[in-house]
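Listed here are the chains, written in short residue letters.
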Amino acid sequence: MGKTAMCRGIARGLGVTEPITSPTYTLINEYEGALPFYHFDAYRLSSADEFQQLDSDRYFYGDGVCAVEWSERVTEALPNDAVIIEIEPEPNGSRLISIIGALMEGALA
Amino acid sequence: MNVLAIDCSGELLSVGVGRAWGSGGRGPESVKHPYREEAGHGHAGGPGFIGISIDAGFRHAERVMSAVEYCVAEAGLKPADLNLLACAGGPGSFTGLRIGMATIKGLSLGLAKPFVTVPTLDAIAADWEGSAGIVVPIIDAKRSRFYFALYDNGRLVAGPFDDGLARLIALTQDYPEVLFVGPDADLLETTVAERPGYRIAVERRRSPIAAMTRLAVEIFERSGQSPSGTGLVYLRASDAEEATRQ
Numbered sequence: 002m003g004k005t006a007m008c009r010g011i012a013r014g015l016g017v018t019e020p021i022t023s024p025t026y027t028l029i030n031e032y033e034g035a036l037p038f039y040h041f042d043a044y045r046l047s048s049a050d051e052f053q054q055l056d057s058d059r060y061f062y063g064d065g066v067c068a069v070e071w072s073e074r075v076t077e078a079l080p081n082d083a084v085i086i087e088i089e090p091e092p093n094g095s096r097l098i099s100i101i102g103a104l105m106e107g108a109l110a
Numbered sequence: 169m170n171v172l173a174i175d176c177s178g179e180l181l182s183v184g185v186g187r188a189w190g191s192g193g194r195g196p197e198s199v200k201h202p203y204r205e206e207a208g209h210g211h212a213g214g215p216g217f218i219g220i221s222i223d224a225g226f227r228h229a230e231r232v233m234s235a236v237e238y239c240v241a242e243a244g245l246k247p248a249d250l251n252l253l254a255c256a257g258g259p260g261s262f263t264g265l266r267i268g269m270a271t272i273k274g275l276s277l278g279l280a281k282p283f284v285t286v287p288t289l290d291a292i293a294a295d296w297e298g299s300a301g302i303v304v305p306i307i308d309a310k311r312s313r314f315y316f317a318l319y320d321n322g323r324l325v326a327g328p329f330d331d332g333l334a335r336l337i338a339l340t341q342d343y344p345e346v347l348f349v350g351p352d353a354d355l356l357e358t359t360v361a362e363r364p365g366y367r368i369a370v371e372r373r374r375s376p377i378a379a380m381t382r383l384a385v386e387i388f389e390r391s392g393q394s395p396s397g398t399g400l401v402y403l404r405a406s407d408a409e410e411a412t413r414q
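Line order of the protein sequences matches chains A and B.
Just so we're aligned: 64 in the working numbering is position 63 of the first sequence, and the numbers increase by one with no gaps anywhere.
Just so we're aligned: 373 in the working numbering is position 205 of the second sequence, and the numbers increase by one with no gaps anywhere.
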């Protein structure tokens with residue numbers, strides 16, 4: 002689908018040199034870059050509450066960049082100004098990518 | 169009674185050891201450290217308090233044990249001399265609270281010593297006991313919400329709450345004098361500027377560890393030790409729903 006590939010790109014943009022691996026099992030991976038990069042995967046979580054129990058707020062309201070895969074599973078735990086990126090596979094193998102969020106809309110207006 | 173208290177509930181890490189504290193958690197009236205040539209620089213007898221507070225980033229798990237070692241040693245004690253262990257019971261940073269609780273439960277098990285939890289807001293309010301007016305400790309709960317409670321000279325008047333600014337104002341506006349304390353009180357700067365009865369404590373990023381140590385003794389003397397399965401009070405709205413369902 003391309004979620005981890007995209008996170009790899011964000012990490013590279015932040016100057017992270019470590020290899021980026023999927024956090025499906027670890028839930029959160031932390032990397033050092035120009036800004037700290039926090040890579041989450043909510044696939045194994047069943048509720049926003051469970052996500053918050055991991056202290057997601059410490060990351061969201063901290064000093065780094067956070068990317069959350071499967072964020073639709075934990076919508077209520079996300080900050081209101083989060084940017085949502087949807088990746089849809091097309092029949093021809095390409096991807097339709099939508100970027101949604103007040104912050105983005107403000108930037109494009 | 170010798171007491172070790174740990175507070176990892178927020179950005180500050182603090183550890184305190186009260187030595188030979190009396191009933192009601194009262195420490196020394198004045199710390200007695202007579203310098204005696206013949207005794208060298210050994211530890212003076214009698215009550216004392218050693219506290220350490222670190223406001224330099226959230227690295228509590230790495231720092232907490234060396235802070236414990238330092239405080240216990242400076243108090244002239246060995247770990248086995250401790251009679252009571254304590255940690256912040258919440259609310260606060262989920263991770264931080266768990267670091268404190270895991271540390272205290274581990275020590276409690278290893279040393280076979282009792283422990284108690286001290287509600288975080290109670291400890292912060294106790295640190296400002298004696299201030300005029302209503303004291304309201306503020307902890308940032310994120311998403312424009314606060315953990316807070318109202319205290320009148322150390323006595324809980326209302327709370328604890330996990331709620332927004334509107335509720336905070338509604339509960340406090342009828343008091344002539346309200347003092348907001350605690351590490352996140354500065355979030356209320358705009359609100360305080362608009363209301364003459366509201367004030368923010370200047371030294372709000374200070375550790376309440378001595379007060380927490382005192383409350384630990386009071387709680388232990390009143391209610392005994394906490395059971396080994398004691399949990400933390402995160403105070404999230406979802407916890408309250410959970411409790412109602414049960």
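Quick caveat, the hints were computed from the structure, so don't treat them as lab data.
A quick note: this is a predicted structure, and the numbers were derived from the prediction, not measured.
Cβ atoms here follow ideal geometry from the backbone N, Cα and C, with glycine treated the same way.
You may find that some hints are simply not true.
Distance condition first, Cα-Cα at most 20 angstroms in a straight line; then the derived EDC-like pairs of lysine to aspartate or glutamate [stated by the list, open to error]: (1) Lys310(B) to Asp64(A); (2) Lys281(B) to Glu386(B); (3) Lys273(B) to Glu70(A); (4) Lys310(B) to Asp56(A); (5) Lys310(B) to Asp58(A); (6) Lys4(A) to Glu91(A); (7) Lys310(B) to Glu91(A); (8) Lys281(B) to Glu51(A); (9) Lys310(B) to Asp82(A); (10) Lys4(A) to Glu70(A).
Pair ranges (Cβ atoms, derived) [as the list claims (entries may be wrong)]: (11) Arg311(B) to Leu109(A): 43 to 49 angstroms; (12) Glu77(A) to Leu277(B): 32 to 38 angstroms; (13) Arg311(B) to Ala6(A): 28 to 34 angstroms; (14) Ser23(A) to Asp354(B): 37 to 43 angstroms.
Status of each hint after checking the structure:
1. For the given pair, Lys310(B) sits about 14 angstroms from Asp64(A) by alpha-carbon distance, which is consistent with the 20 angstroms threshold.
2. About 17 angstroms separates the Cα atoms of Lys281(B) and Glu386(B), which keeps this hinted pair within 20 angstroms; it holds.
3. Between Lys273(B) and Glu70(A) the CA atoms are separated by roughly 35 angstroms; this puts the pair beyond 20 angstroms, and the hint is violated.
4. Between the alpha carbons of Lys310(B) and Asp56(A) the distance comes to roughly 11 angstroms, so the proposed pair stays at or under 20 angstroms and holds.
5. The straight-line distance between the Cα atoms of Lys310(B) and Asp58(A) is roughly 7 angstroms, inside the 20 angstroms bound, and the hint therefore holds.
6. A threshold of 20 angstroms between alpha carbons decides the hint, and for Lys4(A) with Glu91(A) the separation of about 15 angstroms falls inside it, so the pair holds.
7. Proposed proximity of Lys310(B) and Glu91(A) is contradicted: the alpha carbons are some 38 angstroms apart, above 20 angstroms.
8. Distance hint between Lys281(B) and Glu51(A) is unfulfilled; the C-alpha atoms sit about 32 angstroms from each other, more than 20 angstroms.
9. With a C-alpha separation of about 13 angstroms, the suggested pair Lys310(B) and Asp82(A) falls inside the 20 angstroms cut-off, and the hint holds.
10. For a cut-off of 20 angstroms, the pair hint linking Lys4(A) to Glu70(A) stands: about 7 angstroms separates their Cα positions.
11. At about 25 angstroms, the beta-carbon gap between Arg311(B) and Leu109(A) misses the expected band of 43 to 49 angstroms.
12. At roughly 36 angstroms, the beta carbons of Glu77(A) and Leu277(B) sit within the given window of 32 to 38 angstroms.
13. Between Arg311(B) and Ala6(A), the C-beta spacing of about 31 angstroms keeps the proposed range 28 to 34 angstroms intact.
14. For the hinted restraint 37 to 43 angstroms between Ser23(A) and Asp354(B), the CB-CB distance of approximately 39 angstroms keeps it satisfied.
In the structure shown, a violation is registered for the earlier hints numbered 3, 7, 8 and 11, in ascending order.
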